[in-house]
Amino acid sequence: MKRYFLVLGILIVALTACSNETKTETGHAHQEKNTSTALSYNIETDEWPPDVATFFQDEANHDVKEAYEIAIHHPELLSMMPCYCGCGEDGHTSNHDCFVDSRDNEIVYLDSMGFG
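Count the sequence shown with mature numbering (1 follows the signal peptide of the UniProt record, and there is no 0) and you get residues -19 to -1, 1 to 97, in order.
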């Protein structure tokens, strides 16, 4: 039952994350690409950037943190879930891409879309 609620929570967070979009001049939905190193996570030291760590301290953001942790440590789960929000324009091919932008050894660069 706990696993059911975990998966349900991930789906809710993923769908919420995918609703964060802006309109371009042509009116098409487009998610701004975040390339800031301030949105990086160190797998080896289990360290979040200071602003992200502060955001996650709020109990209301617990589900968001859990979704990012799953995307980081179990990419195979969210990689199998297609994204329907139109973020394909940003190169997203699955819900995993709404949380993780790229990986470089022990550093994971986060996509800001998952923050909602």
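Wrong hints could be hidden among the right ones.
Derived Cβ-Cβ restraints for the label pairs, each shown as a range [to be verified]:
| no. | residue 1 | residue 2 | range |
| --- | --- | --- | --- |
| 1 | R84 | F37 | 14 to 22 Å |
| 2 | G67 | T26 | 34 to 42 Å |
| 3 | E70 | Q38 | 20 to 28 Å |
| 4 | P31 | E87 | 24 to 32 Å |
| 5 | E70 | T26 | 32 to 40 Å |
| 6 | E40 | G72 | 31 to 39 Å |
| 7 | S83 | D27 | 14 to 22 Å |
| 8 | E70 | E25 | 31 to 39 Å |
The calculated lysine to any residue pairs, modelled on SDA-like cross-linking and capped at a C-alpha distance of 25 Å, are [stated by the list, open to error]:
| no. | residue 1 | residue 2 |
| --- | --- | --- |
| 9 | K46 | E25 |
| 10 | K46 | N23 |
| 11 | K46 | D71 |
| 12 | K46 | D32 |
| 13 | K46 | G97 |
| 14 | K46 | E28 |
| 15 | K46 | P63 |
| 16 | K46 | F36 |
The hints are simulated quantities; they were obtained by calculation from the structure and are not laboratory data. A virtual CB, placed ideally from N, CA and C, is assigned to each residue, including glycine.
Consistency of the hints with the structure:
1. Under the hint 14 to 22 Å, the C-beta atoms of R84 and F37, about 20 Å apart, fit the expected range.
2. Remark: the range hint 34 to 42 Å for G67 to T26 is upheld by a beta-carbon distance near 35 Å.
3. The supplied range of 20 to 28 Å is broken by E70 and Q38, whose beta-carbon atoms lie about 33 Å from each other.
4. For P31 paired with E87, a C-beta distance near 18 Å fails the hint of 24 to 32 Å.
5. Between E70 and T26, the C-beta spacing of about 34 Å keeps the proposed range 32 to 40 Å intact.
6. A hinted range of 31 to 39 Å holds for the C-beta pair E40 and G72, which are about 33 Å apart.
7. Distance hint check: the CB atoms of S83 and D27 are about 19 Å apart, consistent with the given range 14 to 22 Å.
8. Judged by the Cβ atoms, the range 31 to 39 Å given for E70 and E25 holds: they are separated by roughly 33 Å.
9. With a C-alpha separation of about 17 Å, the suggested pair K46 and E25 falls inside the 25 Å cut-off, and the hint holds.
10. Restraint check for K46 and N23: satisfied, since their Cα atoms lie roughly 14 Å apart, inside the 25 Å limit.
11. Taken as a hint, the K46 and D71 pair is honoured in the structure, with Cα atoms around 22 Å apart against an allowance of 25 Å.
12. Between K46 and D32, the direct Cα distance comes to roughly 13 Å. Compliance with the 25 Å bound is thereby established for this hinted pair.
13. Between K46 and G97, the direct Cα distance comes to roughly 12 Å. Compliance with the 25 Å bound is thereby established for this hinted pair.
14. Of the supplied pair hints, the one linking K46 and E28 holds, its CA atoms being roughly 13 Å apart against a limit of 25 Å.
15. With a C-alpha separation of about 20 Å, the suggested pair K46 and P63 falls inside the 25 Å cut-off, and the hint holds.
16. Under the criterion of a C-alpha separation no larger than 25 Å, the hint pairing K46 with F36 is consistent with the structure, at around 9 Å.
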